[in-house]
Amino acid sequence: MSKKVFPNVNLAKADLTVGQRYILQLFVTGVSPNSMRAIINIKLICEKYLQGRYELEIIDIYQQPSIALKEEIIAVPILIKKFPLPEVRMIGDLSDIDMVLEGLHLI
Amino acid sequence: MLTFNKKIANLKFPKTPTGIQGLDVITNGGIPKNRPTLLLGDTGCGKTIMAMEFLINGITSFDEPAVFLSFEEKTSELEMNVRSLGFDLNKHLGNNKIYLEYMPINREAVRETGKYDIEGLFVRLEQAIMKVKAKRVVLDSLDTLFYGFDYKILRTEFKRLLSWLKDKNVTAIITGEKGDAFHTRDGVQEYVADCVIILDNRVENQVTTRRLRIVKYRGSIHGNNEYPFLINEKGITVLPINNDALQQKSSSKRILSGIADLDIMLDKKGFFIGSSVLISGTAGTGKTSVATTFAYSACNNDYRCLFCAFEEAPNQIIRNMRSIGIALEPIIKSGHLNFYYARPTLQNLELHFIAIKKMINELKPSVVILDPITNLMTEGPNSDVRSMLTRFVDYLKIEQITVMFTAAITVGSIERNPSDEGISSMVDTWMMVQDIEVDSKRTRSMCIMKSRGMLHSSEVHRFNITKKGINLLPIVIPKSKLLSGAKRTEKEHQNLSTSRESIGIK
Chain A
1 MSKKVFPNVN LAKADLTVGQ RYILQLFVTG VSPNSMRAII NIKLICEKYL QGRYELEIID
61 IYQQPSIALK EEIIAVPILI KKFPLPEVRM IGDLSDIDMV LEGLHLI
Chain B
108 MLTFNKKIAN LKFPKTPTGI QGLDVITNGG IPKNRPTLLL GDTGCGKTIM AMEFLINGIT
168 SFDEPAVFLS FEEKTSELEM NVRSLGFDLN KHLGNNKIYL EYMPINREAV RETGKYDIEG
228 LFVRLEQAIM KVKAKRVVLD SLDTLFYGFD YKILRTEFKR LLSWLKDKNV TAIITGEKGD
288 AFHTRDGVQE YVADCVIILD NRVENQVTTR RLRIVKYRGS IHGNNEYPFL INEKGITVLP
348 INNDALQQKS SSKRILSGIA DLDIMLDKKG FFIGSSVLIS GTAGTGKTSV ATTFAYSACN
408 NDYRCLFCAF EEAPNQIIRN MRSIGIALEP IIKSGHLNFY YARPTLQNLE LHFIAIKKMI
468 NELKPSVVIL DPITNLMTEG PNSDVRSMLT RFVDYLKIEQ ITVMFTAAIT VGSIERNPSD
528 EGISSMVDTW MMVQDIEVDS KRTRSMCIMK SRGMLHSSEV HRFNITKKGI NLLPIVIPKS
588 KLLSGAKRTE KEHQNLSTSR ESIGIK
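Which chain is which? The protein sequence lines are A and B, in order.
According to the numbering used here, the first sequence holds residues 1 to 107 in order.
According to the numbering used here, the second sequence holds residues 108 to 613 in order.
If you are wondering where the hints come from, they were derived from the structure by calculation, not from laboratory data.
Keep in mind that this is a model prediction, so the values were computed, not measured.
Among the clues, some could well be false.
[Stated by the list, open to error] In the DSBU-like style, the derived pairs of lysine-lysine whose C-alpha atoms are separated by at most 30 Å in a straight line are: (1) A:LYS70 with B:LYS471; (2) A:LYS81 with A:LYS43; (3) B:LYS259 with A:LYS81; (4) A:LYS81 with B:LYS376; (5) B:LYS240 with A:LYS48; (6) B:LYS275 with B:LYS285; (7) B:LYS376 with A:LYS43; (8) A:LYS81 with B:LYS181; (9) B:LYS464 with B:LYS323; (10) B:LYS259 with B:LYS341; (11) B:LYS238 with A:LYS70; (12) B:LYS222 with A:LYS70; (13) B:LYS181 with A:LYS43; (14) A:LYS82 with B:LYS181; (15) B:LYS266 with B:LYS376.
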């Protein structure tokens, strides 16, 4: 997989994930600053790189605490790429865009 | 000391008893209630076990449900491991009294994309606490948690966790590795925890001893020393110093020594109940026989007896005693006589005492025999041994248990034997058995060196071990001529009858 300084959609198309639908889950805790930043960031990333082919579910573990156990969550916010496989977990407010794209196999 | 302790008790610093033998004594009642306590120690120190016992005791003795969060061991492994220590987790799990949760932490599988916190842990912990209405919580262990995440973040998060735990009104134990790296790198323990306990596992003279020390305890006095502790199939025991030695009761009741002639020497009534008795003497003078005779007599008078043998195996003692007409089997069968047998080198001296103390708590004996304590003295420096023995004697006195030690001393060092000096000041009755030369013959003799609180004979008596037990006779030293054979016997009998008359016995 080649890596360029400026990641863009054209390069990502060369990847195996071309045209794949993405299923993403973002777990947050209420309206904490980290959570808010993570929500904004993931929405921007999805709109820019995965337009029209993603499902994003934002889950507040304060509202659904039992899911934290099920998904074995300790650190939040956490983004889980459920599909395409393999499952990838990213913790943090998603402000390191390169890291996120790498995790999503978009670069 | 006593009034001081009472003052402290009046302050009523809220504490949660751990139920661990000895630990509550050192901490003056337990760990801080509704606050977190750090339990630090290297691997294999018994952190998890201690934390688990704290929870189990909470359930069984104080009706406080518990949560155990494990970052290290899976719940099934945990159950298995603590079962070997007699904790049946399944029962409590079934009754909804304990909740176990395993939180695997896998740093490699997670990438960091920015700022985060460990709120997920809080959410899960809250769920867990709610599930069983927990009052006690254990997090095991901090290092695994720290391994998984960024230190800078976790440092602040850890602080938050502790104050969060306080808000939840749970008494928590958080385990972690000791080691300087941990303290300085994370600076965690200095400022956040209210109570820090360090466990340690040390090898000295090829004997391993686990020790416990309370490093800090905000708002409470506590024992500062290192205390040895023991993990066995019944859990953990910490050996504290008894600071209530002043509360000893001094009984004026007596217990017979089992040797009629010795009782006569001891003001005709034998030892005081709850006193300590030392028999010292050179090798082969019959110390063990005296001790066993005492045990035998006590058992036959329906007292329970614990015989701690450090030299001979119980079977050997039973066989040897048969030869002097003492049958121990019946009293063993009836449960009156129990043996603690261990090689002194098996473990540290303190641990022997802990083990003996445990047996005492179970058996509730009236008489304890330590045969011989000089063997224990090979383990560790003399001052340690002495302080340990003092503590132990204090403990026995509080429990009103009569204790008899035997001590072997070498020929010629009777006056200046350091071990004797050390012990003799703490014993109430000291008897010496030794070989002396009478009539160009080696003769066993016995005399009472001291016996607090009673009139006692100061004569040196001849000490006979016969097929029918032990008897004592006055020593016959012919003034005019050497006697032998029948004449000697005659003279002895004469002396015996006069000496008995003189103290009013026929």
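**OP:** Could you tell me which of the hints above the structure violates, numbers in ascending order?
**Re:** Result: hints 1, 4, 5, 7, 10, 13, 15 break, sorted rising.
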